[in-house]
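Chemist: Protein chains in written order, with our numbering: chain A, 1 to 326; chain B, 1 to 326; chain C, 1 to 326.
Heads up, the list lumps identical chains together, so a pair's fine if it works in one copy or across two of them.
Listed below are the simulated BS3-like cross-link pairs for lysine-lysine, each with C-alpha atoms no more than 30 Å apart in a straight line:
(1) K256 <-> K188
(2) K34 <-> K203
(3) K47 <-> K34
(4) K34 <-> K45
(5) K47 <-> K86
(6) K188 <-> K130
FYI, nobody ran anything at the bench for these hints, they're computed from the structure.
Note that the structure is predicted; figures quoted are calculated from it, not measured.
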Amino acid sequence: MYQRDKTGAKMKQFLSINDVPDLNGLLDKALNIKANLNGKRELGKHKSIGLIFLNPSLRTRLSSQRAALNLGMDAIVLDVNSGGWKLEFDDGVIMNGDSAEHVKEAAGVLGRYFDVLAIRSFAALEDREKDYEDAVLNAFAEYSGVPIINMESATGHPLQAFADLITITEHQKKSRPKVVLSWAPHPKALPQAVANSFVRWMKASNVDLMVTHPNGYELADTIMEGVSVEYDQNIAFDNADFIYAKNWSSYTNYGKVLSSDSSWMITQEKMNLTNNAKFLHCLPVRRNVVVEDAVLDSTSSIVLDQAENRIVSMQTVLESLLEELK
Amino acid sequence: MYQRDKTGAKMKQFLSINDVPDLNGLLDKALNIKANLNGKRELGKHKSIGLIFLNPSLRTRLSSQRAALNLGMDAIVLDVNSGGWKLEFDDGVIMNGDSAEHVKEAAGVLGRYFDVLAIRSFAALEDREKDYEDAVLNAFAEYSGVPIINMESATGHPLQAFADLITITEHQKKSRPKVVLSWAPHPKALPQAVANSFVRWMKASNVDLMVTHPNGYELADTIMEGVSVEYDQNIAFDNADFIYAKNWSSYTNYGKVLSSDSSWMITQEKMNLTNNAKFLHCLPVRRNVVVEDAVLDSTSSIVLDQAENRIVSMQTVLESLLEELK
Amino acid sequence: MYQRDKTGAKMKQFLSINDVPDLNGLLDKALNIKANLNGKRELGKHKSIGLIFLNPSLRTRLSSQRAALNLGMDAIVLDVNSGGWKLEFDDGVIMNGDSAEHVKEAAGVLGRYFDVLAIRSFAALEDREKDYEDAVLNAFAEYSGVPIINMESATGHPLQAFADLITITEHQKKSRPKVVLSWAPHPKALPQAVANSFVRWMKASNVDLMVTHPNGYELADTIMEGVSVEYDQNIAFDNADFIYAKNWSSYTNYGKVLSSDSSWMITQEKMNLTNNAKFLHCLPVRRNVVVEDAVLDSTSSIVLDQAENRIVSMQTVLESLLEELK
Chain A
1 MYQRDKTGAK MKQFLSINDV PDLNGLLDKA LNIKANLNGK RELGKHKSIG LIFLNPSLRT
61 RLSSQRAALN LGMDAIVLDV NSGGWKLEFD DGVIMNGDSA EHVKEAAGVL GRYFDVLAIR
121 SFAALEDREK DYEDAVLNAF AEYSGVPIIN MESATGHPLQ AFADLITITE HQKKSRPKVV
181 LSWAPHPKAL PQAVANSFVR WMKASNVDLM VTHPNGYELA DTIMEGVSVE YDQNIAFDNA
241 DFIYAKNWSS YTNYGKVLSS DSSWMITQEK MNLTNNAKFL HCLPVRRNVV VEDAVLDSTS
301 SIVLDQAENR IVSMQTVLES LLEELK
Chain B
1 MYQRDKTGAK MKQFLSINDV PDLNGLLDKA LNIKANLNGK RELGKHKSIG LIFLNPSLRT
61 RLSSQRAALN LGMDAIVLDV NSGGWKLEFD DGVIMNGDSA EHVKEAAGVL GRYFDVLAIR
121 SFAALEDREK DYEDAVLNAF AEYSGVPIIN MESATGHPLQ AFADLITITE HQKKSRPKVV
181 LSWAPHPKAL PQAVANSFVR WMKASNVDLM VTHPNGYELA DTIMEGVSVE YDQNIAFDNA
241 DFIYAKNWSS YTNYGKVLSS DSSWMITQEK MNLTNNAKFL HCLPVRRNVV VEDAVLDSTS
301 SIVLDQAENR IVSMQTVLES LLEELK
Chain C
1 MYQRDKTGAK MKQFLSINDV PDLNGLLDKA LNIKANLNGK RELGKHKSIG LIFLNPSLRT
61 RLSSQRAALN LGMDAIVLDV NSGGWKLEFD DGVIMNGDSA EHVKEAAGVL GRYFDVLAIR
121 SFAALEDREK DYEDAVLNAF AEYSGVPIIN MESATGHPLQ AFADLITITE HQKKSRPKVV
181 LSWAPHPKAL PQAVANSFVR WMKASNVDLM VTHPNGYELA DTIMEGVSVE YDQNIAFDNA
241 DFIYAKNWSS YTNYGKVLSS DSSWMITQEK MNLTNNAKFL HCLPVRRNVV VEDAVLDSTS
301 SIVLDQAENR IVSMQTVLES LLEELK
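So that you can see chain A by itself, here it is in the shape it has in the complex (with noise of 0.2 Å):
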């Protein structure tokens, strides 16, 4: 298991992996946290999070609340429709147009309400430069002046690879197991944000990472150092502890749907090749196009373990950035 390894750096905002300081650390304070969830009703206090939803959210919004209640903290959620309230984040914009609130000003207002915030925002899926800047979710971190913790921006979900680790930790029977992230089958374009986060959060921890994928799905680069790929699913599947199933539109050929090749789905019969793995998936799952009922319906899916662990990777975190504003 994990050793705690203290390094005395604090956690100041949480936009990606990058601002874990000690994520050893963070781990075990995670699992301590999920032995006792209301051990802390008092830290929270008089204290504030303000959860803003610029796109549609029901595991994100619900865990979030619930994490921010468990330590005591008066919890808001502004369901931004981002037709009806078109911020502007581009400087010197003569803003005669769709845009009725610069960034600077909707940032810097919601800093004064709360003392932490939470920001979704997706990719749109058709200018990659643009999503890669994740122009949202720097921008409240510019322009608040308060923690801001991400929930889904257009390149990340942190909270989602974070609540991913605590599961495999709980469920881990070697030291250092496999763990296969591989593409599956979806109608629908979908952003590369989940698996970029799981592969970031994977390498940093202690595991063998395996990615798997047809021609074309391709993460980027920066993502993708020194993790192998096995175009062959098969091939990856061998001896592996945990199957993490996702789908992700290209980002080579970018938001675009290349493949629906259904050979892809993870069946009961992929899942034989494997050393009994755990098979996970962040929800909501399209069932027998990503996986079958038999692989979710058996005791292998911790599905319903890993949507738990949301309350926790939140929760943790939030406890982390409370301890700083104290």
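Mind docking chains B and C on chain A? Use the hints.
Modeler: Frame of chain A; chains B and C shown alone:
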């Protein structure tokens, strides 16, 4: 008045009146709770309820939150645009269409996030057999692993019926009042849920129940078993102590509006046929379509008491469930 | 500074400045509350507020929730899609059309559910007489039976004006500063509510108020009685201590945009005509349409202080009302 008959049986969920082991006991409890709404602020401490709306709600949403907060619970509302988060209920389906998530995962996750779940999911009024399976409510009960509260399903609205019973109990002047459920006109096709539950709860209570409606508006046989029907509204109103007005669409000619005969509107003239009856309606009500201004604006109308008792019925159910969670 | 003039009169509701018995006392109270926002967490215990939005809101929604939570209240937000829940306001109507509920019932029920109600309902800008009756706000005040707070009605936005007054008080350097309300261009037709309330509150305060706007943008006579108007913006700015920029559509040619003359935009050059004035705007603001970047990005801009004081104005009003509920 009702005598307390403690059976010792416990409430495990609240899908319908079938889940109430001791109706008189529950009613007594409600009256006690109403006398001191904040008396149990500690009971729900560190417990959470998820209020899941697949259809719009005003009264139910607000009264349910008030009830949960009165018990010290963390209450979180989730509005699900049923178009935006289409759930799959059938087994074995290849989910490459509109449905993004199977109820097995949706309910499973929500059950991990909350100690209690409350669900609203209306009848679609297209396919009677499908509606009367109450698929959404029952799937959440099956897959969530936590107690489920019905906040109006396709076939019933027991929180409303319980509030109605509390209201009648508060206003009754004789030990066995005559209660008349009268169909009334409405421009839109409405579900039978409120009427179904009202009939079921009144049958189980110490009242003389009579139902009056035009031909073709018969409720399901299983609901109406043992209940008097009178097709002449004037005869039905004779000597009534309570008039409960409600529109519903046809059950036999399913979901259809067969009549908009304004002679069925509740007027002061008709109220004069009664034993100075009190007037009830679950609201919202269309004035001068369902009922005349003169009735709603008279002291006979107790519709606001009824609405207020929605807090009481929910709080009583929640308190009963929380006692079992301890 | 302002002297406290305790009249002993109590606040019963907050529809407009007419409901403030002692403006100086209220302002003192606000400054004390701001110094200790969590000082009265017990006052609102077991009290609830319903925040009812018939129109969109970001700042008002968030600041109002923060204020209520700071006072320990249960705060519940209800977003009413005005299309989805069309209310009837007229008496005696046969409600067989779009309106599903009469405000008598809607307000009556909400009054049973909450100790205090706050309402937002904008001007439609089509029928001046109708808008200026402020039908929604007044109907809730008439039928709810509980104190009503105006969160921006068709004709006024007193919580904003009170926040503006607090902000000016915090930043003023002389006992009677010159305050200029300047119309500014905007691509859309906006209500007069903010301008109306700002004028009324400033008239009641110890400031020299001047209003400047193009021909045709005169506010209602009842509002402007006793207020200096200057049609030359440059002359108005001379020696000003505070510039409050705001667009509104025409009152005389009701709801119309008569001018988008960009020469009325607030520029740094114009600010140079003032006595080193502070710049205010209620936000959201369109940069380089209403006001130049150079002004908003300068230390003269106090728009974020203004936004922050929205919590303070709401909390002060709520505290005043709660003291009366006790």
